[in-house]
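Engineer: Got chain U; can you put chain E on it based on the hints?
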Amino acid sequence: MEADGGDAAIVLALRRGEARAELDAWNRFSAQVDGTLRRLLGPGQPNQPNSDRDDLLQEVFIRFFRRVGTLREPAAVRGFLTGICLRVVQGELAGRRRRRWLRLTPTGDAPDVGARARDDESREAVRRYYGVLEALGGQDRSIFVARTIEGLTLEDVAALHGVSVSTAQRRLARATKRVAALVRRDPLLVALASAEKGTL
Amino acid sequence: MTARDDEALIAGLSKAARRVAAQDAEGSGAPGPAPEAWHRLQKVQKAHDRRPRSSRAALRWALPTVAVAACALAAGGWLARRRHPLTFVVSGGVVEANGYVVRAGLEPTELRFSDGTRVSLARGARMSVGAPGPRGARLRVEDGQAHFEVTHRPGADWSVEAGPYRVQVTGTVFDVRWSGADESAAVGLRQGSVRVTGPNLAAPVVLIAGQRLVARLSTGQVRLESGGLEADGATDESARVPRETTPAMPIAPAPAPTPAIVLPAPAHAPGPGRAAVTKPRAPAVGPSTWAARVASGESAAVLAEARAAVFDDVIGSVDAQALGALADAARYSGARDLSTRALVELRRRFPETGGARAAAFQLGRMADDGGDARAALDWYRRYQSEAPRGPYAAEAVGREMIAVERLSGRAAAAPIARAYLERFPDGTYLLQARAILGMP
Numbered sequence: 047m048e049a050d051g052g053d054a055a056i057v058l059a060l061r062r063g064e065a066r067a068e069l070d071a072w073n074r075f076s077a078q079v080d081g082t083l084r085r086l087l088g089p090g091q092p093n094q095p096n097s098d099r100d101d102l103l104q105e106v107f108i109r110f111f112r113r114v115g116t117l118r119e120p121a122a123v124r125g126f127l128t129g130i131c132l133r134v135v136q137g138e139l140a141g142r143r144r145r146r147w148l149r150l151t152p153t154g155d156a157p158d159v160g161a162r163a164r165d166d167e168s169r170e171a172v173r174r175y176y177g178v179l180e181a182l183g184g185q186d187r188s189i190f191v192a193r194t195i196e197g198l199t200l201e202d203v204a205a206l207h208g209v210s211v212s213t214a215q216r217r218l219a220r221a222t223k224r225v226a227a228l229v230r231r232d233p234l235l236v237a238l239a240s241a242e243k244g245t246l
Numbered sequence: 053m054t055a056r057d058d059e060a061l062i063a064g065l066s067k068a069a070r071r072v073a074a075q076d077a078e079g080s081g082a083p084g085p086a087p088e089a090w091h092r093l094q095k096v097q098k099a100h101d102r103r104p105r106s107s108r109a110a111l112r113w114a115l116p117t118v119a120v121a122a123c124a125l126a127a128g129g130w131l132a133r134r135r136h137p138l139t140f141v142v143s144g145g146v147v148e149a150n151g152y153v154v155r156a157g158l159e160p161t162e163l164r165f166s167d168g169t170r171v172s173l174a175r176g177a178r179m180s181v182g183a184p185g186p187r188g189a190r191l192r193v194e195d196g197q198a199h200f201e202v203t204h205r206p207g208a209d210w211s212v213e214a215g216p217y218r219v220q221v222t223g224t225v226f227d228v229r230w231s232g233a234d235e236s237a238a239v240g241l242r243q244g245s246v247r248v249t250g251p252n253l254a255a256p257v258v259l260i261a262g263q264r265l266v267a268r269l270s271t272g273q274v275r276l277e278s279g280g281l282e283a284d285g286a287t288d289e290s291a292r293v294p295r296e297t298t299p300a301m302p303i304a305p306a307p308a309p310t311p312a313i314v315l316p317a318p319a320h321a322p323g324p325g326r327a328a329v330t331k332p333r334a335p336a337v338g339p340s341t342w343a344a345r346v347a348s349g350e351s352a353a354v355l356a357e358a359r360a361a362v363f364d365d366v367i368g369s370v371d372a373q374a375l376g377a378l379a380d381a382a383r384y385s386g387a388r389d390l391s392t393r394a395l396v397e398l399r400r401r402f403p404e405t406g407g408a409r410a411a412a413f414q415l416g417r418m419a420d421d422g423g424d425a426r427a428a429l430d431w432y433r434r435y436q437s438e439a440p441r442g443p444y445a446a447e448a449v450g451r452e453m454i455a456v457e458r459l460s461g462r463a464a465a466a467p468i469a470r471a472y473l474e475r476f477p478d479g480t481y482l483l484q485a486r487a488i489l490g491m492p
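These protein sequences, in sequence, are chains U and E.
Following my numbering, the numbering of the first sequence begins with 47 at its first residue and continues without gaps.
Following my numbering, the numbering of the second sequence begins with 53 at its first residue and continues without gaps.
Extracted from the complex, chain U is given alone in its bound form (with noise of 0.2 Å):
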């Protein structure tokens, strides 16, 4: 993550109210929102609309927006998106769920399963990875997706999860080994684990 005064100084004119604040904050942020929603998410599925990310975009605009003021730092603003995008793609997530309890697609349609062969074998591997993650919980998934695809350091996962590092760590270590044993179950899963594994 990268900030500078720049960052800062669209907070403060965000605070002031001024006029061309929220496209400046837009032409700043939304690049790097619009790619921690990408790796939140995952992959979706062929027959999904890229609407739903705009939507989860727009939705974290709005919410910075209105609570911009609460940041105390302005210039740890993209930890301020990076903490907004967890709680909105978490409370999707959750949406998704009661969703598919309806045997529903996230559009209301019903669900396309043939469309996944039209996919590539790594962007479907990928795919079923994150449906592995499904398997953890609202915040134990975000917190292991934040640390290990967003990458976040586990100080910074613990802030924005509300939580302590040693119980962020503790929680971290128990979705790793429930996720590693979920995936040893998917040949393909492996496959590809093992394919860039060789590249690390």
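Just so you know, the hints here were simulated from the structure itself, not pulled from any lab data.
Only a predicted model underlies this, so the values are computations on that prediction, with no experimental measurement involved.
In this text, a Cβ means the ideal position worked out from N, Cα and C, and glycines have one as well.
Do not take every clue at face value.
[To be verified] Here are a few chain E residues that sit away from chain U, every Cβ distance over 10 Å (derived from the structure):
| no. | residue |
| --- | --- |
| 1 | GLU201 |
| 2 | VAL337 |
| 3 | PRO339 |
| 4 | ALA446 |
| 5 | PHE476 |
[Claimed, not checked] Some but not every residue of chain U turned toward chain E, in silico, with C-beta under 8 Å:
| no. | residue |
| --- | --- |
| 6 | PRO89 |
| 7 | GLN104 |
| 8 | ARG169 |
| 9 | SER240 |
Structural biologist: Chain E alone, transformed into the frame defined by chain U:
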């Protein structure tokens, strides 16, 4: 299996997840979300602002207020579109510090606006985006060619400037080219209609699909050709106005399926009946033929003729018209030093003529193009003092402002920017003036 094995397994999969996310982001064409997302955010934000804070209260009043909410949402969206200027992203090009977008290499360069409008730059092209508003923007082709696909929306307000020519657009597909070197503009229309205004056009010219307007400022020739536009052949998909070899802009283009329509030309240019398409080549040589021959695209031949003799003797003996034509011929041929010498001689020998005054501006522009901002500034100021209401007055002030900013900084350029906005509120340097003054 140890914890280390688990971590290694997870690390590999996490890496793959990051890679796929990055590929998806790259595959979307430009970094970050699509620019349209900004407008959607504004719309959603308005709706959120109107949402009652208590969900119970919301439920209680939901049905009676649903129609009102729908209207508010629609009005909110309309207001959002109305209030917020369009945004745009640039892919594949270079955005210079002064705001110009340049296509530097082979990679396609595209500007994508939040209303769906797209602009592609041809190789070497340079353009600026001025005063983006909620319904459009003022675009300026500084040099080279660009292809425009303007999204048709009610009340769309787009314009494209090419030198002193202005193309008013409501939603269409077209190409624009401007060459500062030979002061020529071309507008080729593929779909829809546009309105072109500018020098040597007695009234706005409305182009329809398949037409092309070609204008050469120095000679006053303006031609409207019918017939379909040909895609530029070889390598550049964004260069869709047919490109000639030398000079860059067509004086006598390839035969069109139907005869060219020649628009009225000003008094100093060849008469309509003798204009470019049907005009036979002037058989004679000598300074008296130079103006007509330069107008016919024989710049290289005219320059060669002058250089065949002693150039200084030539510029010391020919009349003002021939001297001006020779300066143009040299400039169009890329011989800046010879053009400068001819213009300086024009000013020395015929100081009270309009040509001499215009030469001051031309000298400034050539100095500018050559990177000598200080000399350019000198010439622009001289032109303004000699011809405060001359045809290049607005451009001279705008260029003076830019040169002062470059040499002495924004604070020094601010008074000129203020004066520019006051004198030319609709001028082509509007964006730069507002930027200098820190205006949104």
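Engineer: Can you name, in rising order, the numbers of the hints this structure does not satisfy?
Structural biologist: Every hint satisfied by this model.
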